[in-house]
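Undergrad: Sequence:
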Amino acid sequence: MPLSAPVISCVQKLVLYETRARYFLVGSNHAQTKHRVLKIDRTEPKDLVIIDDKHVYSQQEVRELLGRLDLGNRTKIGQKGSSGLSKAVSAYGIVGFVRFLEGYYIILITKRRKMADIGGHSIYKIEDTNMIYIPNDSVRIAHPDEARYVRIFQNVDLSSNFYFSYSYDLSHSLQYNLTLLKTTCDLVKTEEVFTHNRQDSFDIFEDEGLPTQASAVVYGIKNEPYAKYVWNVKLLEKIKETVHPDWLMYIIHGFCGQSKLLIYGRPVYVTLIARRSSKFAGTRFLKRGANCEGDVANEVETEQIIHDASVMSFTAGSYSSYVQVRGSVPLYWSQDISTMMPKPPIRLDQADPYAHVAALHFDQMLQRFGSPIIILNLVKKREKRKHEKILSEELYPAILNLNQFLPPEHCIDYIAWDMARYTKSKLCNVLDRLSLIAENVVKRTGFFVNRPDFYCHTLRPDERWGDLGGYVTASGCMQTGVLRTNCVDCLDRTNTAQFMVGKCALAYQLYALGMIDKPKLQFDTDCVRLFEELYEDHGDTLSLQYGGSQLVHRVKTYRKIAPWTQHSKDIMQTLSRYYSNAFSADADRQDAINLFLQVFQPSELKPHLWELPTDFYLHQKNTMMLPQERRSYTFWWTEGILSYLPLPYDEVPCDENREKVMVKRLNRYDESIDTYTEFFKPYELSCFDDTFCLAMTNSAREFMPKTVGIDPSPFTVRKPEETGKSVLGNKSSKEEAVLQRKTAASAPPPPSEEAISSSSEDDSGTDKEEEGAVSQRSTPVKFADSGDSTRGQEDFLQHPMKETYGLNLCDFPEEKDMLIYHRFVHLGQNQHKRLFFSMDYCFCSKLSCATIKQRHPVSFFSQDSLYEVQLPKVDKESREIFENHIRVGRGLIQTLCREDVLMYREYIKNRYM
Numbered sequence: 001m002p003l004s005a006p007v008i009s010c011v012q013k014l015v016l017y018e019t020r021a022r023y024f025l026v027g028s029n030h031a032q033t034k035h036r037v038l039k040i041d042r043t044e045p046k047d048l049v050i051i052d053d054k055h056v057y058s059q060q061e062v063r064e065l066l067g068r069l070d071l072g073n074r075t076k077i078g079q080k081g082s083s084g085l086s087k088a089v090s091a092y093g094i095v096g097f098v099r100f101l102e103g104y105y106i107i108l109i110t111k112r113r114k115m116a117d118i119g120g121h122s123i124y125k126i127e128d129t130n131m132i133y134i135p136n137d138s139v140r141i142a143h144p145d146e147a148r149y150v151r152i153f154q155n156v157d158l159s160s161n162f163y164f165s166y167s168y169d170l171s172h173s174l175q176y177n178l179t180l181l182k183t184t185c186d187l188v189k190t191e192e193v194f195t196h197n198r199q200d201s202f203d204i205f206e207d208e209g210l211p212t213q214a215s216a217v218v219y220g221i222k223n224e225p226y227a228k229y230v231w232n233v234k235l236l237e238k239i240k241e242t243v244h245p246d247w248l249m250y251i252i253h254g255f256c257g258q259s260k261l262l263i264y265g266r267p268v269y270v271t272l273i274a275r276r277s278s279k280f281a282g283t284r285f286l287k288r289g290a291n292c293e294g295d296v297a298n299e300v301e302t303e304q305i306i307h308d309a310s311v312m313s314f315t316a317g318s319y320s321s322y323v324q325v326r327g328s329v330p331l332y333w334s335q336d337i338s339t340m341m342p343k344p345p346i347r348l349d350q351a352d353p354y355a356h357v358a359a360l361h362f363d364q365m366l367q368r369f370g371s372p373i374i375i376l377n378l379v380k381k382r383e384k385r386k387h388e389k390i391l392s393e394e395l396y397p398a399i400l401n402l403n404q405f406l407p408p409e410h411c412i413d414y415i416a417w418d419m420a421r422y423t424k425s426k427l428c429n430v431l432d433r434l435s436l437i438a439e440n441v442v443k444r445t446g447f448f449v450n451r452p453d454f455y456c457h458t459l460r461p462d463e464r465w466g467d468l469g470g471y472v473t474a475s476g477c478m479q480t481g482v483l484r485t486n487c488v489d490c491l492d493r494t495n496t497a498q499f500m501v502g503k504c505a506l507a508y509q510l511y512a513l514g515m516i517d518k519p520k521l522q523f524d525t526d527c528v529r530l531f532e533e534l535y536e537d538h539g540d541t542l543s544l545q546y547g548g549s550q551l552v553h554r555v556k557t558y559r560k561i562a563p564w565t566q567h568s569k570d571i572m573q574t575l576s577r578y579y580s581n582a583f584s585a586d587a588d589r590q591d592a593i594n595l596f597l598q599v600f601q602p603s604e605l606k607p608h609l610w611e612l613p614t615d616f617y618l619h620q621k622n623t624m625m626l627p628q629e630r631r632s633y634t635f636w637w638t639e640g641i642l643s644y645l646p647l648p649y650d651e652v653p654c655d656e657n658r659e660k661v662m663v664k665r666l667n668r669y670d671e672s673i674d675t676y677t678e679f680f681k682p683y684e685l686s687c688f689d690d691t692f693c694l695a696m697t698n699s700a701r702e703f704m705p706k707t708v709g710i711d712p713s714p715f716t717v718r719k720p721e722e723t724g725k726s727v728l729g730n731k732s733s734k735e736e737a738v739l740q741r742k743t744a745a746s747a748p749p750p751p752s753e754e755a756i757s758s759s760s761e762d763d764s765g766t767d768k769e770e771e772g773a774v775s776q777r778s779t780p781v782k783f784a785d786s787g788d789s790t791r792g793q794e795d796f797l798q799h800p801m802k803e804t805y806g807l808n809l810c811d812f813p814e815e816k817d818m819l820i821y822h823r824f825v826h827l828g829q830n831q832h833k834r835l836f837f838s839m840d841y842c843f844c845s846k847l848s849c850a851t852i853k854q855r856h857p858v859s860f861f862s863q864d865s866l867y868e869v870q871l872p873k874v875d876k877e878s879r880e881i882f883e884n885h886i887r888v889g890r891g892l893i894q895t896l897c898r899e900d901v902l903m904y905r906e907y908i909k910n911r912y913m
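In the UniProt record's numbering, the protein residues as written are 1 to 913.
Honestly, the hints are just simulated from the structure, not real lab data. Fair warning: there could be bad hints in the mix.
As the list claims (entries may be wrong) - Only pairs whose alpha carbons sit at most 20 angstroms apart, straight line, appear in this in silico DMTMM-like list of lysine to aspartate or glutamate:
id : residue 1 : residue 2
1  : Lys-664   : Glu-224
2  : Lys-873   : Glu-899
3  : Lys-238   : Glu-44
4  : Lys-560   : Asp-524
5  : Lys-520   : Asp-336
6  : Lys-46    : Glu-18
7  : Lys-279   : Glu-237
8  : Lys-518   : Asp-308
9  : Lys-556   : Asp-418
10 : Lys-54    : Glu-241
11 : Lys-389   : Asp-336
12 : Lys-13    : Glu-671
13 : Lys-343   : Asp-418
It should be emphasised that the depicted structure is a prediction, and the values quoted were computed from it without experimental measurement.
Work out the full structure, taking the sequences as your base and the hints as a guide.
TA: Structural data, given as C-alpha cells:
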C-alpha cells in the first residue's frame, strides 16, 4: 500500500515586482526550483483583479519572463537607464487582501522566526509584515477616513504571537493530521476520496513520469483548515477560488513553544500549541459569555505534543498528543464596565430556559472532540455578595437540561470546584486535589499515541495503565472527548488547572513512549520544571492577549513556595490588568480585532466603526433575523454525530469529511513531500551554533545540576540547592534561564536579535529565523550586572583551564609560532601527495612548537588521497548490527535470542525485584 504525506507548499519565498500597471508576485519553493507567478492589476481603483496562470516555472523560465516584462515596460525601447520592472519587497507568505473605503491592500510577511519542529515540519512565528496599497496613484480615489481605518487595522500586531507552517496544519490537532494520513491510505483503493471537482485541485491523476511500482508512489495530502482557529480566512476569501492552493497560507493566533527533554542523551521534544478562536474574539470585559452561534469568548484549544526527536518521520516516529480547552461560560452574560471598579457586576443579558446557546456550543465540541465532554468549573461557590456564583447557578441547570436527551454513556460531565476558597485554606493542598481530578480526566478521555504498547509495558505493568480510556486501535490509541476548564476570566486559575492536567497527561505520554517505568511524575524534577516553565509562558502570552497583563497567580503561588518578592509582582500585575481594562485602549484593541477579522466591513452606506455605540450586533448577527428553521430543543446535536461517538465526527472518514481532502499522486522523491530536504537543506551552509535545536530550552543545559556525581535523569527529584538554578537566588525563571545560558560552560550563547537580522539580509528578504533563530522562551533579555555574572562563572566554571586541559590560552600567538603556521599553510597549498602535517598547541603559552612533526598519511586506506576516497569495506557481521539498529529505530524490533532474554530477565530481577 502506498504511503501518504503532507504536501509542502511550493510558495515559501516571494518577491513582489511592480510596474505602473501591474504587480507581479513571484513565489518559489525553498530550493527555488519551482516558481509560480501572480499578476495583480493596479488600474482598478476599488476591485481586486488577480490572474494566476497555474503554471509551474523553472528558474530559467522565470528569469526570461521577468526579462521580457522589464524590456516591455521601459519608457523607451532599448533604454537601460530606467528599468520598467522594479523589485518592491521580498516576503515569505501572503496574510491576505483587505479593503476599507478605497482600493485593496496586500499584507505580506517580511520576517519570520522558527519556533518549533514537529516531525520535520517547521512552525514559524511572524516577526514583521508589510502592507502595500495596490492601485496606482493615478487611479486612486482618496477618502478622508481611509487613513483612520488603516491605523485601526494595524493595531492588530501581526508580529505578536501569530504562527504559520508551510506543510503542517496548525488549525487541527496532531491526532487529526496523523489520522487523516492513515485513513487516506485506507481509502486509496476505492478512490472515493478523490471525488473533489474543483478546478486545479489535488485530484488523483495518472502522471506519465511516475513509476509503475506501487512502492514508489506517495499520496500527497492537503486538507482544508478548521476555520474557527484561522485568523485570516476572511482576508483570503476573495482569492481562494481563483488562485492555486499553494498561495493560500493560513495563520493561527495564540502560543507556540518547544523545549527539549534529554533522557540520558535521547532527545524528546515537548511542544505546546495554543489556538485562539477567531469567533467572538476580543478583550477582557468587552467579550464575555457566548454569541448566538455558540462561540464563546476567550476560547483556546491547547495541545501538548511529545515526540521522540531521534526519528523524524511521521510514519516511523513515535508521537503522542493531548488536547484540552478553555473558554468563557457558555451563557448570555456580560459585565457592566460603565463604572470603574476592579470587579464589575455580572449580569445575565438574555433568558435562555432551553439552554439554546449552550447546546450550540457543546454540539461544536462533540463534533470536534467526541465524548465525554468534561467541564471543570472553577468559579466561586460561597460569596458574601453574589458575583461569580450567578454563572454556576445558570450553567448547572443548562447541563442537566441537555443531558436528559443524550444517551447516558455520552452525557456531559460537570465538575464544580471552588478553587479560590481552597487556596485560602491552610488545611487543603490545592494541587493534590487537582491531581486527583486530572487523573480521573485523563483516564476517561485517554490521549493520542501512534504506537501500540511496547514490550516493556508487559514486563513492568502498571495498574493505572489497564483502565485508561480513549479509543484503542491496532496502531495505537486515540483521545476521545476533552476537558473544558473555565473560571471567570479563564486566565490564572484555569492555567494552573490545565497545567496539572497536562502534567498528568505528560506522565502517561512518556510511559506510552517507553521513556519512564510508571506513569507518574513528581514535582521538583527537571522534566516538570521544564514543563512548568513552558505552561507559564503559555499562560502569560494568553493573559497578555486577553487581559493586558501577565499571570497574577502562578503554579508556585498555589504550591505556596513562591518567594516573598512575588507578592509585590502579583499586586503590580493586578493593577496593570485593572489599568488596561479601565483606562487603556481596550476598546481600540476590540475595534482592531473586529476590523481584522472582518466582523465589521467598512462601507460608505453605513456608520463608521468608531460611531457604533456597541459591537453587540456585529457578533450576534442571527438576532437581526428570524431563523427559517428553528433548531430542536431536544435533538440539539448535529445529525450523524451520535452514530460515531465516542469518536469525534470530524475525524471519521464520512462523505462530508472526504470532500475536504485534496490528494495528489507523487513520486516518493518529489520535492513537494520531501521533508528531509526541507528540514536539513543539504544545499545550504549552516552553523551549528545557529540551529534551532541548540537555541531551544534544554533540560540538561538549563535545569540539570552542573556538579559531578548527580543522577542525570530528568525524572529525579532534586532539592532546591541541588538544581542548576539554585545559585541565582530569587530571580524569575526567565532571568535564571538566560543567566545560566550565559554562564554554563556547556551552553553555546544564543545569537542576538541584531546578529540574526544582519546575518540573514539577502536578495530573498530578511529571514529572522532561517532555521536558526532562538525560540520565544530563549529570546535575548537584558544581561544581569557584572556581579551576578562573575558569581555565576565562579559557581559553574569551578576549574581553571590549566587544571582541566594542562594549558592556558595566551592573548596572541608568539612570532615564532606564526612563522611555523605560515610555513604549514604554504606547504599545504603546494602539497599534492598523501601527506598530513600536524601541530599541537600552536597558540598555547608555555609550550614550544618549534618544529613540524613527522608527516602522516591522510587515511589508513592505501588507495585514498586528498582528492579521492575509497569506500571502506564493511564485513557482514557489522552490516547486520547496523541494519538491526535501523530496524529498532523504525519500531521493527525482531525477536530476541534466548541468551538476550535471559540476560534481560536477570537485569530486571536485580533492578526491580
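Undergrad: Please go over all the hints and tell whether each is borne out by the structure.
TA: Hints, one by one, checked against the model:
1. Lys-664 to Glu-224: holds, 14 angstroms
2. Lys-873 to Glu-899: This hinted pair is violated, its Cα atoms lying about 30 angstroms apart.
3. Lys-238 to Glu-44: Holds - the C-alpha atoms of Glu-44 and Lys-238 are around 15 angstroms apart, at most 20 angstroms.
4. Lys-560 to Asp-524: The given pair, whose Cα atoms are some 14 angstroms apart, holds under the 20 angstroms limit.
5. Lys-520 to Asp-336: With a Cα-Cα distance of about 45 angstroms, the restraint between Lys-520 and Asp-336 is violated, given a limit of 20 angstroms.
6. Lys-46 to Glu-18: holds, 18 angstroms
7. Lys-279 to Glu-237: Within the cut-off at roughly 16 angstroms; holds.
8. Lys-518 to Asp-308: holds, 18 angstroms
9. Lys-556 to Asp-418: holds, 19 angstroms
10. Lys-54 to Glu-241: holds, 12 angstroms
11. Lys-389 to Asp-336: Holds, because 16 angstroms separates the two Cα atoms, which is no more than 20 angstroms.
12. Lys-13 to Glu-671: holds, 15 angstroms
13. Lys-343 to Asp-418: OK: Lys-343 and Asp-418 at ~18 angstroms, within 20 angstroms.
In this structure, the earlier hints numbered 2 and 5 are contradicted, and the remaining ones agree with it.
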